[in-house]
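Read off the chains here:
There are 2 protein chains.
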Amino acid sequence: MTRGDIESRGAGERSADSTPGTERTPRVAAARKLLRRAGRDRAGRFLVEGAQAVREALAAVTVHELFVTAVAAERHPELVEAAERSGARVSPVTDKAAAGLSETVTPQGIVAVCDLLDVPVATALAGVPGFVTVCDGISDPGNVGTVIRVADAAGCDAVLLAGDTVDPHNGKAVRASTGSVFHLPLARDRDAPAVVEMCRAAGLTTLVADGHGEVDLHDPAVTPTLAGPVAWILGSEAHGPSAAVHAAADHRVRVPIHGRAESLNLATAAAICLYATVGARAGVAPQLSPARD
Amino acid sequence: MTRGDIESRGAGERSADSTPGTERTPRVAAARKLLRRAGRDRAGRFLVEGAQAVREALAAVTVHELFVTAVAAERHPELVEAAERSGARVSPVTDKAAAGLSETVTPQGIVAVCDLLDVPVATALAGVPGFVTVCDGISDPGNVGTVIRVADAAGCDAVLLAGDTVDPHNGKAVRASTGSVFHLPLARDRDAPAVVEMCRAAGLTTLVADGHGEVDLHDPAVTPTLAGPVAWILGSEAHGPSAAVHAAADHRVRVPIHGRAESLNLATAAAICLYATVGARAGVAPQLSPARD
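Sequence lines, in order, name chains U and P. Take the first sequence: its letters are residues 7 to 299, numbered as in our numbering. Take the second sequence: its letters are residues 7 to 299, numbered as in our numbering.
Isolated chain U, as found in the complex (with noise of 0.2 Å):
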């Protein structure tokens, strides 16, 4: 597939067809290769599903696309405008098409074709960058799509995907980021360790999450390095972050188990981990949050 086989723009079809597309259209068999990595790297485009995603994309990102079945045409008329509006190609389909193009068990009947969100990590640092989140390695879609939303939830000002980490354009990331990967640069690097070195260039305090990393999360000590510039690295799932990262990083920091857990989740420790910075920074620029009494 080239990226003509959906392009929006070509002689002679400015004006889409009325007659719904089938699941054989080849418009609707091309944007179904959307759905594979492979499909979406050779495109540069992916798709998002959902009323609510789709509005999101809308507003912040080039659609190229937006493939809507009668139904939903009818329940978000908005957005059939806005798409119209943004000059994106409107393709009405059928429910059967729509499902092909859909990853959930109860599709919405609206997908967007959009161009791809990741830019190159110089691009996501530029600027001075305080709080980064790198991804080394994590397989699961759902759990980087929930440190994309945790992260933007922080304030972060990047997240950068790097190693083998899922590519966060797969259905399950965008829809557990519940919009997130909308609302702040992304980048991949299949090389984390050079990832890593680019955020020490920005000036960043790079700080891997580690179960069993040498400094306590809630050291004192360590507060004041949380509330400056801080990229946290967050590993496998499985296995952590790579030998080679955890040597170019500056600290192995670990959440304490007070209990008898061994361990916990890469969501709930990433969120401990990035929420720690912005309780740190609380509590050094206390005029962000005053006390009350």
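Derived from the structure by calculation, the hints contain no laboratory data. Since the structure is predicted, the reported quantities are computational estimates derived from the model, not experimental observations. Incorrect hints may have been included.
You can't tell identical chains apart in this list, so a pair holds if it fits in one copy or across any two.
Said to hold, decoys possible - No farther apart than 35 Å at their CA atoms in a straight line, the calculated lysine-lysine pairs in the DSBU-like style are these:
(1) K39 x K102
(2) K178 x K102
(3) K39 x K178
Dock chain P against chain U, hints included.
Positioned in the frame of chain U, the structure of chain P alone reads:
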């Protein structure tokens, strides 16, 4: 089903038949009823699946019966032996019978029938509790299990499952807890405001985690409260804590959102709140976690 149906000490059945039980064997069929809440509550027992969870169960609770396939028995002889030593009946079963007792895609072939874990709320709050988690109407079993895991890791004294919260003996909840259901007292009570009252009577400050709470989690004025005896109350995924619980609690505390995310998911919000208490205690009691320089 009565308790007798799966009782292990009936006359004449002390030594288990060595012919593997099938899914039609009465004891297996009776155990299968424990996959549903009604069956569990009626029998006062639940199923624990997989080698690691069975190991935890044998160490923590009365195990009445261990269903095990030939392959699993060969792989985990120490568990079969421990079950026999504890007085549990060991029942060989076919792969298909074991699969019928399993809720996972790749059953491990080892399933224990255990006494329910929960105790009365008053028992869970006995002694001088300093740190308690209350779930109010959490409906997803994975979330309940994850909250129990985080509460265990944070060092909570008990988890109280109030209102319409899903049964923590649900297989998905047990799995998501990764053994933590066996590590700390669990209590169930449908009357959530009464549970909040009992927490307060036990000397705990009751804090509702609420996106619209009037207090910021990181407000320095909140830290002494977090570091004292507290009960954190976590509400349902969809609606948060009930109005009655809101009214009954001492404070409504919000996790601040600094980016453009609309909210956090329940498990990450729970982790942030519970570990804010861990952090507050480390800060006010630095001897627990001495500064390095």
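Quick rundown of the hints versus the structure:
In this homomeric assembly, K39 and K102 come within 35 Å of each other (Cα to Cα) only inside a single copy, at 16 Å, whereas the closest approach across copies is 37 Å. For a Cα distance limit of 35 Å, the shortest separation of K178 from K102 qualifies both inside one copy, at 20 Å, and across copies, at 32 Å. In the homo-oligomer, the alpha carbons of K39 and K178 lie at most 35 Å apart both inside one protomer (16 Å) and across protomers (33 Å), since each shortest distance falls under that limit.
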